[in-house]
Amino acid sequence: MSNKAPARSGGLPPAARQRPRADLAALVRKIGSIPFEVSETRTDVDVRIAPEHLLALVDALHNRHELAFDYLRNISGVDQSPEGMELKYHFYSFKTGYALQVTVPTATGHPHVPSLTGHYPAADWHEREAAEMFGFVFDGHPNLRNLLLEEDIHIHPLLKAHPLQAAEILQGIESGPPGFTI
Amino acid sequence: MTPFSFGGELFGMWNWLDAVVRVVIVVTAMTLVVMYLTYGERKVVARFQQRLGPTKTGPAGLFQAFADALKLVAKEDIRPTNADRWVFELAPYATFVPVFLVLLVLPFAKDWGVRNLTLGMFFVFAVLGLNIVGIIMAGLGSGNKFALLGGVRAAAQMISYEIPLVLSLLAVAMVAGTLDLNQIAMLQEDRPFIVLQPLAFLIFFTAMLSEMHRAPFDIPVAESEIVGGYFVEYSGIRWSMFQLTEYASMWGFSVFGSVVFLGGWAFPFGEDWGWGWQLALTFMKSIAWILTIFWIRTTVPRLRIDQLMAFCWKVLLPLSIVQLVANGFILVYDWPQELLTATSGGGAVLLIAIIITRSIRRPKNKYVGSYRQVGVTS
Amino acid sequence: MSIWPDEKVLTPGEAEFDTVDMTINIGPQHPATHGVFRMILRVDGEVVVDCEPYIGYLHRGLEKLTEANDYRQAMGYWDRTDYLAGMACEHAYVMAVEALAQIEVPERAEYIRVIMAELSRINSHFLFLGAFGADVGSFGTSFIYAWRERERIYDLFEEVAGDRMFPTYMRVGGVAMDLPDNFEQRCRWLLGSIRQGIEDLDGLLTGNEIFVERCRNLAPMTSERAIALGITGPILRSTGLPWDLRKAEPYSVYDRMKFDIPWRPDLQGDVFDRFWMRLSEMYQSARIIEQCLEQMPKGGLVLNPDLPKTLRVENGEAYIRYEGTKGEYGVYAMSKGGNKPYRMKLRSPSFCNLSALREMVIGSYVADAIIILGSLDIVLGEVDK
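Residue numbers (the working numbering), protein chains in the order written: chain A, 1 to 182; chain B, 183 to 560; chain C, 561 to 945.
What the hints contain is simulated information worked out from the structure, not anything from laboratory work. Please note: incorrect hints may appear among the correct ones.
Subject to a maximum C-alpha distance of 27 Å in a straight line, what follows is the list of computed DSSO-like cross-link-like pairs (lysine-lysine) [stated by the list, open to error]:
(1) 900(C) - 160(A)
(2) 160(A) - 624(C)
(3) 900(C) - 624(C)
Predicted, not measured: the structure shown is a model, and the values here were computed from it.
Based on the provided sequences and hints, a complete structural model is requested.
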């Protein structure tokens with residue numbers, strides 16, 4: 001029994017080792033038809049794409065068998081003000097062993113991004129967290145309530161404009177726009 | 183005729199005064215036993231778990247029980263606003279009284295209980311069934327959902343397990359031919375009934391654990407799920423009434439069980455060595471019984487409610503009925519007494535076999551130690 | 561279908577009597593929630609119909625605080641995420657900063673880090689085994705058994721780093737100080753004691769019929785569903801997919817270690833398999849530590865000597881994935897120059913595993929819901945950040 005290769009129950013290959021980034025960049029460029037830029041970060045291949053094309057890209061990433069990104073690792077928001085905000089999606093493929101980062105910049109004052117909950121159920125809580133922390137609006141998300149913060153608090157603490165020290169006295173203050181003003 | 187007969191009326195007093203004196207003795211003994219049972223449980227369980235238990239209050243923590251009692255009495259007695267007042271406040275007493283009534287008929291030595299009833303065993307079942315009323319009162323009256331769940335679970339569990347409990351005792355009563363507990367003990371002078379009825383003993387022990395909500399049947403009070411169950415809202419003196427009930431019933435059941443199955447005060451040499459030995463026998467047997475309960479509690483996890491019910495209705499109840507019928511044939515046709523041992527022993531083996539085969543069918547043994555060998559090096 | 565011909569067959573949702581679902585609030589103060597987690601169960605009798613988890617009671621603003629402190633100061637917050645395995649969290653954090661700033665780490669420091677991280681993993685898994693036994697209802701016996709070994713591990717941490725739970729021992733570019741003189745001897749003794757502890761718990765829990773009966777076939781999960789829900793770590797491996805970041809994307813010195821990913825042919829991702837997986841992983845961690853002790857350079861630096869007093873990092877971003885004790889512990893780090901991170905995001909494994917709770921719990925008994933929650937092995941410090 002020991003040291004024997006497993007028979008797969010669910011038709012999944014043994015989890016692959018990490019594959020070279022250059023191959024992935026070439027594969028991603030092949031998707032074509034959607035405007036995006038490919039670059040590299042310190043650890044991953046990065047694809048930069050506008051929010052309106054995100055769903056099409058994710059469709060391709062999820063469904064193309066040579067990419068087969070079946071696992072959404074993480075969603076991080078970044079406040080790039082004054083240029084607006086960015087969302088960083090990290091994908092991984094258990095089938096091929098590729099890891100990919102997708103950057104979605106949003107314009108100032110219009111933080112609308114399509115929700116990925118249809119493709120990845122894992123996106124649910126990640127998106128809720130990004131929504132409450134930055135004020136992103138994920139169109140199509142079933143339940144975009146506050147997750148970590150209190151239900152009745154509508155501040156976005158991870159925005160650079162949010163004052164660190166004044167956080168406590170601000171609890172319960174209603175504020176509309178994501179650009180928080182004191 | 184000796185000047186002091188232990189079994190007769192004390193000092194030739196009036197009947198009612200005699201009863202009062204005996205009740206005082208039993209209640210005092212019970213209180214002390216319960217106090218030291220809580221201490222003993224903490225100490226024994228601590229040893230099972232590689233701890234020390236109470237050490238600070240008095241030598242080896244011997245006064246811990248008094249410290250606990252003092253703390254509990256001094257605590258505020260809180261009643262939730264949405265509790266049903268009288269139901270909530272009376273529930274602890276309603277659970278305690280039946281357990282106390284059981285203690286009245288137990289023979290602690292030859293002819294010595296508060297009262298010897300000819301229908302002693304019947305009285306015990308009848309009264310124990312009332313216990314559940316208090317528990318349901320506590321569960322419904324607390325106005326708490328955990329308490330409600332606990333009360334309902336307790337009701338389901340106690341009603342189910344009452345049946346095998348009573349049937350296993352009836353099997354013994356058939357063999358003994360009497361319901362008088364003192365007589366039953368006396369009949370076991372030579373060999374305790376556990377030899378004749380091992381299956382009944384196993385069934386009784388299991389059902390007893392369930393009736394007392396001890397592990398692995400502590401579903402109604404499940405600490406990790408419903409945080410104490412029906413007594414979750416109680417504090418102070420009322421909570422301590424529940425604790426008192428729990429330990430008193432444990433002691434009562436232990437004495438009762440040792441009278442019915444282990445020969446009570448009579449086996450061995452009960453008649454010959456006098457009442458001191460008889461009391462010592464009762465005490466030692468009940469302590470052994472209680473230690474077994476503690477041991478089980480520290481070792482096994484809790485069953486789920488459906489597994490518990492399935493075990494009662496599919497295993498314990500059929501077996502106890504089979505035993506009852508077999509006893510009937512053997513006794514009516516006056517077949518030799520060894521057959522009782524054989525049938526019941528066969529049943530006991532069957533019960534153990536059921537448990538073991540289940541554990542073989544669910545491949546348990548395969549897993550023990552399997553963490554060492556199995557692996558994938560990819 | 562009923563076996564009785566004339567019995568009325570009830571379709572789900574239809575009952576002979578009008579029944580009302582009851583809501584039960586479990587937590588934030590409840591012995592089974594392992595911290596301050598709250599879930600509201602809607603139950604029909606004893607069967608859970610719906611479950612709504614509420615988190616955030618322990619939200620301390622980790623990411624905001626990290627942005628406000630420089631790289632060295634911020635580390636103190638990170639070992640408070642998975643507070644059962646502080647060393648592993650620090651390791652992930654310093655790896656993220658090192659990837660951003662491209663800093664070399666001395667070899668001896670790498671080995672020390674791996675030893676500490678694996679000891680943390682054992683520590684965390686021990687707590688799981690103990691607490692899980694208590695969830696199933698073994699009255700604290702498993703808890704105390706687990707505690708014995710945990711105390712010894714913490715004693716060793718105290719000797720190495722000066723603190724037990726939150727050692728703040730690692731540094732960007734190495735570790736804070738070298739190991740004490742008798743470390744190797746003590747660590748070997750500790751490993752023996754850990755193996756004994758694993759065996760004791762294995763006998764107490766795995767060898768118990770009731771325990772196996774309670775946990776087997778409870779909330780099974782396929783690998784595909786687990787991946788879709790973002791589940792990683794022991795829970796993903798318990799579904800039969802041998803995916804471990806220490807093997808798939810080896811970091812630090814894990815590529816030099818010989819260890820197995822525990823696997824059994826009948827893994828089905830149920831509660832028992834999750835338990836078994838953690839038990840087995842502890843054994844593998846002990847193997848890793850033993851190899852580290854053998855391979856470790858006997859002397860040399862433990863901190864990169866070329867580091868500046870104040871670390872300033874150029875523009876860049878990195879996503880570090882680290883096999884934390886609960887799963888993929890990801891750190892997304894972004895720098896725009898300066899001595900503070902511009903953004904640091906924690907992808908906490910407990911958070912993602914917990915998001916699958918609702919799906920697992922529905923349809924089970926209340927008692928099982930508690931066990932399923934326990935089997936996820938969440939740490940609220942990590943869930944709530």
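Original post:
If you check each hint against the structure, which ones fail?
Top reply: none
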